[in-house]
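A.B. asks: Chain H: place on chain C using the hints.
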Amino acid sequence: MLAKRIIPCLDVSAGRVVKGVNFVELRDAGDPVEVARRYDEQGADEITFLDITASSDDRDIILHVVEQVAEQVFIPLTVGGGVRTVADVRRLLNAGADKVSINTAAVDNPEIVAEASSKVGSQCIVVAIDAKQTAPGKWEVFTHGGRRNTGIDAVEWAQRVAYLGAGELLLTSMDRDGTKNGFDLGLTRAISDAVRIPIIASGGVGTLEHLAAGVTEGRADAVLAASIFHFGQHTVHEAKTFMRARGIEVRL
Amino acid sequence: MIDVAVIDYGMGNLRSVEKAIEHVAGGARVAVTDDPSVVADARRVVFPGQGAMPDCMAQLDDRGLREAVLKAAASKPFLGICIGQQMLFDLSEEGNIPCLKIFPGHVRRFPEAQMVAADGVRLKVPHMGWNEVWHHGDHPLWAGIPDGDRFYFVHSYFVDPVDTAVCAAHTDYGLRFTSAVARDNIFAVQFHPEKSARAGLQLLTNFIAWTP
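These protein sequence lines are chains C and H, in that order. Take 1 as the starting number for the first sequence in my numbering and just add one per residue. Take 253 as the starting number for the second sequence in my numbering and just add one per residue.
One chain only, chain C, in its complex shape:
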């Protein structure tokens, strides 16, 4: 049986892993190669890098990071953050990324999803959706770290980008991100049931129970978390052992 995936997410700024709470008080948390290797050893199924480099002068540094990690860590690597064009997608894939995640650029111009997936294959294109609840049972797509409402219905948007050629969706609840209160399971399930491509649930993980619920109640195909792994609260292996005990198929 196909295993549910656990994906640690690393925020990278100017070539270093950083960690902080809600992007405040970012602290240096090490060399991306070392951190990625550690997660690989713990049994991570994939690793996601989110490039949060503020200065445009430093944006190409992520390419070197991806190159170095891809030479030493042999599990799938997804890279997102600031991807604007198909040329950006190509550069990241050529550096060694297996998938590239597109967020705001897809909202600004949905055709980039079709263009990118037809050029490099759907399997390489992840569309990241940041959603907030606006009414009971209704979520809308936000950009700019949750500050700007696009007015687009999140479920319809998921269906549209799937139709355009996204191979996978990275779904983040902006209501839950950083709260440690768990995934927005209603949102996760609504999107997972609405499309036929895999869904990665993100935003709000504070406990191992939250990871399990993302799969069992949210019907996510993969779960992504940052802080519970970064701050040494749990290892990926512990997370998988916990999920297996809940009857979830994992790679151990």
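Just so you know, these hints were derived from the structure itself, not from any lab. Wrong hints could be hidden among the right ones.
Said to hold, decoys possible - With a straight-line Cα cutoff of 30 Å, these simulated DSS-like cross-link-like pairs (lysine-lysine) come out: (1) K323/H x K271/H; (2) K376/H x K138/C; (3) K180/C x K132/C; (4) K132/C x K19/C; (5) K376/H x K180/C; (6) K328/H x K353/H; (7) K376/H x K119/C; (8) K271/H x K328/H; (9) K376/H x K132/C; (10) K138/C x K180/C; (11) K119/C x K271/H; (12) K19/C x K180/C; (13) K119/C x K353/H; (14) K323/H x K353/H.
Stated by the list, open to error - Far from chain C, some chain H residues (derived; all Cβ distances over 10 Å): (15) V368; (16) H388; (17) T416.
From the three backbone atoms N, C-alpha and C, an ideal C-beta is built for every residue, glycine too.
C.D. replies: Frame of chain C; chain H shown alone:
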């Protein structure tokens, strides 16, 4: 002489395949190449692939690599990966494209009607992630890899060989499909050993040491 030629027909990035082989092969000379003469001279050949089948077959012919692939598949240790496995068959349902006809059989899409898990939840296509690979027989490329170990898959089509004796492994996803084939000097897999952590690196190590 090159030890391992990774055939590059212009479909996507082969860096991970190259790096994974270099990682396990010590000082072996690994070349990513679209030069038929380099493929002809190499001791071993890896035939990877990603993307859409019609583009893959067209690119292979545009670059004049078809003959080199057929000769390598007939003569030296040969490892097909993902689309590189599918291309060895007669025909792909993806675009109804005739392929290299090294193995009789078709490449089929996961049938919508069967994409339902035991608990009734719909299975997603592409089949993406880590799934169990169950060996058929003892092949040298399975050495040191536990039966049922997980490898990383990402695909919507799978091979359906006419001759079931070439099936080297199966995997279950909605239905039971052939996830590896083997015959003489050819071994080909649907999953990505270069992205399959320890199990994948072990398979590549076995390929480098394989003397069929």
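A.B. asks: All hints, please: hold or fail.
C.D. replies: Results of checking the hints against the structure:
1. Distance hint between K323/H and K271/H is fulfilled; the C-alpha atoms sit about 25 Å from each other, no more than 30 Å.
2. The suggested pairing of K376/H with K138/C holds, with an alpha-carbon distance near 24 Å, which does not exceed 30 Å.
3. A C-alpha spacing of about 16 Å is found between K180/C and K132/C, which places the hinted pair at or below 30 Å, so the restraint holds.
4. For a cut-off of 30 Å, the pair hint linking K132/C to K19/C stands: about 23 Å separates their Cα positions.
5. Taken as a hint, the K376/H and K180/C pair is honoured in the structure, with Cα atoms around 28 Å apart against an allowance of 30 Å.
6. At roughly 17 Å between alpha-carbon atoms, K328/H and K353/H fall within 30 Å of each other, so this suggested pair holds.
7. Between K376/H and K119/C, the direct Cα distance comes to roughly 22 Å. Compliance with the 30 Å bound is thereby established for this hinted pair.
8. Among the hinted pairs, K271/H with K328/H is consistent with the structure: their alpha-carbon atoms are about 21 Å apart, no more than 30 Å.
9. In summary, the hint linking K376/H to K132/C is supported, as the alpha carbons are separated by about 25 Å, within the 30 Å threshold.
10. Among the hinted pairs, K138/C with K180/C is consistent with the structure: their alpha-carbon atoms are about 22 Å apart, no more than 30 Å.
11. A distance of roughly 23 Å separates the Cα atoms of K119/C and K271/H; the hinted pair therefore holds under the 30 Å criterion.
12. As the CA atoms of K19/C and K180/C are separated by approximately 15 Å, the hinted pair is consistent with the 30 Å bound.
13. Restraint check: the Cα-Cα separation between K119/C and K353/H comes to about 27 Å, which is no more than 30 Å; the hinted pair holds.
14. A distance of roughly 13 Å separates the Cα atoms of K323/H and K353/H; the hinted pair therefore holds under the 30 Å criterion.
15. No beta-carbon of chain C is positioned within 10 Å of the beta-carbon of V368/H; the least distance is around 12 Å.
16. Once the 10 Å rule is applied to beta carbons, H388/H is consistent with being away from chain C; the minimum gap is 19 Å.
17. With 10 Å as the threshold on Cβ separation, the claim that T416/H sits away from chain C holds: the shortest Cβ distance comes to roughly 22 Å.
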